[in-house]
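Colleague: One-letter residues, chain by chain:
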Amino acid sequence: MAIPKVMGTEIEYGITVKNDRDFDPISSCVLLVNAYREERAAKILWDYDQENPLADARGFQVDGEKYTPNQQENIARNKTLENGARYYVDHAHPEYSCPEVTNPRDLVVHEKAGERIVEISRREASALLPEGMEMLIHKNNSDHKGNSYGSHENYLMDRRTSFKQIVEHLMPFFVSRQVYSGAGKVGSENRGQRCDYQLSQRADFFETEVALDTMVKRPIINTRDEPHADREKYRRLHVIVGDANMSEYTIWLRQGTTAIVLSMIEDGAIGRDLSLRDPVRAIKDVSHDPSLGCAVELQNGKRLTAVQLQAEYLELAERYAAGRQLEPWAGEVLVEWARVLSALERDPLELADRIDWIAKRVMIESFMQRKGLDWDSPQVQMLDLQYHDLRPEKGLYYLLERQGQVRRIVTDAEITKAVTEPPEDTRAYFRGHCLKRYGDQVFGVNWDSISFGIGDEPIKRVLMAEPLKGSKAHVAELLLRSKDAAELVKNLRA
Amino acid sequence: MKRRIELSAHADASLIAWANMSESQQKQKGTGGGQGEGGAAAEGGKKLAKKGEALKEEMDALMDEIDEVLEENAEEFVKNYVQRGGE
Numbered sequence: 001m002a003i004p005k006v007m008g009t010e011i012e013y014g015i016t017v018k019n020d021r022d023f024d025p026i027s028s029c030v031l032l033v034n035a036y037r038e039e040r041a042a043k044i045l046w047d048y049d050q051e052n053p054l055a056d057a058r059g060f061q062v063d064g065e066k067y068t069p070n071q072q073e074n075i076a077r078n079k080t081l082e083n084g085a086r087y088y089v090d091h092a093h094p095e096y097s098c099p100e101v102t103n104p105r106d107l108v109v110h111e112k113a114g115e116r117i118v119e120i121s122r123r124e125a126s127a128l129l130p131e132g133m134e135m136l137i138h139k140n141n142s143d144h145k146g147n148s149y150g151s152h153e154n155y156l157m158d159r160r161t162s163f164k165q166i167v168e169h170l171m172p173f174f175v176s177r178q179v180y181s182g183a184g185k186v187g188s189e190n191r192g193q194r195c196d197y198q199l200s201q202r203a204d205f206f207e208t209e210v211a212l213d214t215m216v217k218r219p220i221i222n223t224r225d226e227p228h229a230d231r232e233k234y235r236r237l238h239v240i241v242g243d244a245n246m247s248e249y250t251i252w253l254r255q256g257t258t259a260i261v262l263s264m265i266e267d268g269a270i271g272r273d274l275s276l277r278d279p280v281r282a283i284k285d286v287s288h289d290p291s292l293g294c295a296v297e298l299q300n301g302k303r304l305t306a307v308q309l310q311a312e313y314l315e316l317a318e319r320y321a322a323g324r325q326l327e328p329w330a331g332e333v334l335v336e337w338a339r340v341l342s343a344l345e346r347d348p349l350e351l352a353d354r355i356d357w358i359a360k361r362v363m364i365e366s367f368m369q370r371k372g373l374d375w376d377s378p379q380v381q382m383l384d385l386q387y388h389d390l391r392p393e394k395g396l397y398y399l400l401e402r403q404g405q406v407r408r409i410v411t412d413a414e415i416t417k418a419v420t421e422p423p424e425d426t427r428a429y430f431r432g433h434c435l436k437r438y439g440d441q442v443f444g445v446n447w448d449s450i451s452f453g454i455g456d457e458p459i460k461r462v463l464m465a466e467p468l469k470g471s472k473a474h475v476a477e478l479l480l481r482s483k484d485a486a487e488l489v490k491n492l493r494a
Numbered sequence: 495m496k497r498r499i500e501l502s503a504h505a506d507a508s509l510i511a512w513a514n515m516s517e518s519q520q521k522q523k524g525t526g527g528g529q530g531e532g533g534a535a536a537e538g539g540k541k542l543a544k545k546g547e548a549l550k551e552e553m554d555a556l557m558d559e560i561d562e563v564l565e566e567n568a569e570e571f572v573k574n575y576v577q578r579g580g581e
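Chains A and B, in that order, are what the protein sequence lines are. Residue numbers for the first sequence follow our numbering, beginning at 1 and rising by one. Residue numbers for the second sequence follow our numbering, beginning at 495 and rising by one.
If you are wondering where the hints come from, they were derived from the structure by calculation, not from laboratory data. Mixed in with the good hints there might be a few duds.
As the list claims (entries may be wrong) - Derived DSBU-like pairs (lysine-lysine); straight-line CA-CA distance at most 35 Å:
hint, chain 1, residue 1, chain 2, residue 2
1, A, LYS394, B, LYS550
2, A, LYS436, A, LYS394
3, A, LYS371, B, LYS550
4, A, LYS371, B, LYS573
5, A, LYS145, B, LYS573
6, A, LYS371, B, LYS541
7, A, LYS460, A, LYS233
8, A, LYS371, B, LYS544
9, A, LYS43, A, LYS472
10, A, LYS43, A, LYS66
11, A, LYS417, A, LYS460
Input sequences plus hints: build the corresponding full structure.
Modeller: Structural data, given as structure tokens:
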């Protein structure tokens, strides 16, 4: 039986300072992240002891320097938030990793809360800059000059599922899902073939099928094996192939379909060989063809379009769902998945109110038509960039949202709540509420641990190897009767 | 090499896409009862024309607003927008 698909996303944002000739991304990131003030987050360390980004899912350990900053640098670069998220500086980008959630809808709520948090700190940070300068943040994946940064999805998987199976069945799915998960991009880069507009921000950057790297020679399937949970039982599939999406519906569908396919892989329910002859080429070919007519070649010689490939997965998923009780959110995802695929076959423009690459394209083409612009115009590139701008008054996605032109999945009230409140049904609840209640005594945090500094005693580390434990149902009462961290640790031991 | 956009099939289709959207939104909002279906058919033509106009206005308003918020020095901004690779 497939295990529940606990999930989360890590979004790296583009950062720039307008009118700053000496713009330095790293110090700007530090300024940004520290401009976000949660009373207790100021002195808490990120616990690098628990990190191992060089473990490879294919079973080996890669040589290399593991990054461990000194204490001062650690605190300056890492903020663990009361909503259970991690907000930090990753190389030259601000990054927001949302807390663990159990379903695609909560994922939307928490990913969107991340946008709000980054925007709040952007405003605070901008106020500290010299007159005439403004910090700008974009939730996108490229600068259109060959530099890319990621938005990663994570899904909890059963350790017993072989990585080989995952690779085999996921590759064609990842190559084709961009027909609804792409964020859209004007032009191409990284020596990609010239095109006016393509489905994905990221497709141009994938150069290999399977590997551990994320920064160079990017693979369609990433092998990082860092479960942040009991490694005997779980793996965390680290998906780097996706785009940073603005549309709530797109985020929801992307998470939902991917999680269902992963469950099917765990249950051995993909009994069809959809392997592609050349996935690296196919992912670019599909992205570069907004008409969706391009067919890619399978190992068996057959040729299918990306929509047809997705339809194969959908058919298998519907059959899979018929025989069993899926997670409660899955039914709705299957219905919408089918709707989207048939609309893509019929006329993609029907989805201009919900799929990012289509919404962006319609907006750009309407503007081009009005102004008599062509695809090479800087204004057209600007429209692309500004679709992802986090300023509510300037961001073009937010403008469409305000005008009622895009479909919502969640409410503003839910998003606002998630800025300060963790999800209730995962260990993020325990993490967040420990910060709220015992923040002064929290010494360090990682996804699967939290440690307390109580007086002069040695640091007490509490492990959280089960992502679904530490939920409100499990620990609300325990937290209530532990008035400080010492009592909490005592009660945990009892 | 500049390629000017004509009033292409796509551009027209864009308008239709926005139109379809607004229509379905109107449906979603619902009318809370009232008029029966019978009268609607007779008024169909007129309503459609009116709706077309309304949509065009809505579209114009949206494009105006985009025009207003779009970064003024697009060329310079786009040129200077350089990020470091990440992940």
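Colleague: Please flag the earlier hints that this structure goes against, numbers listed from lowest up.
Modeller: none
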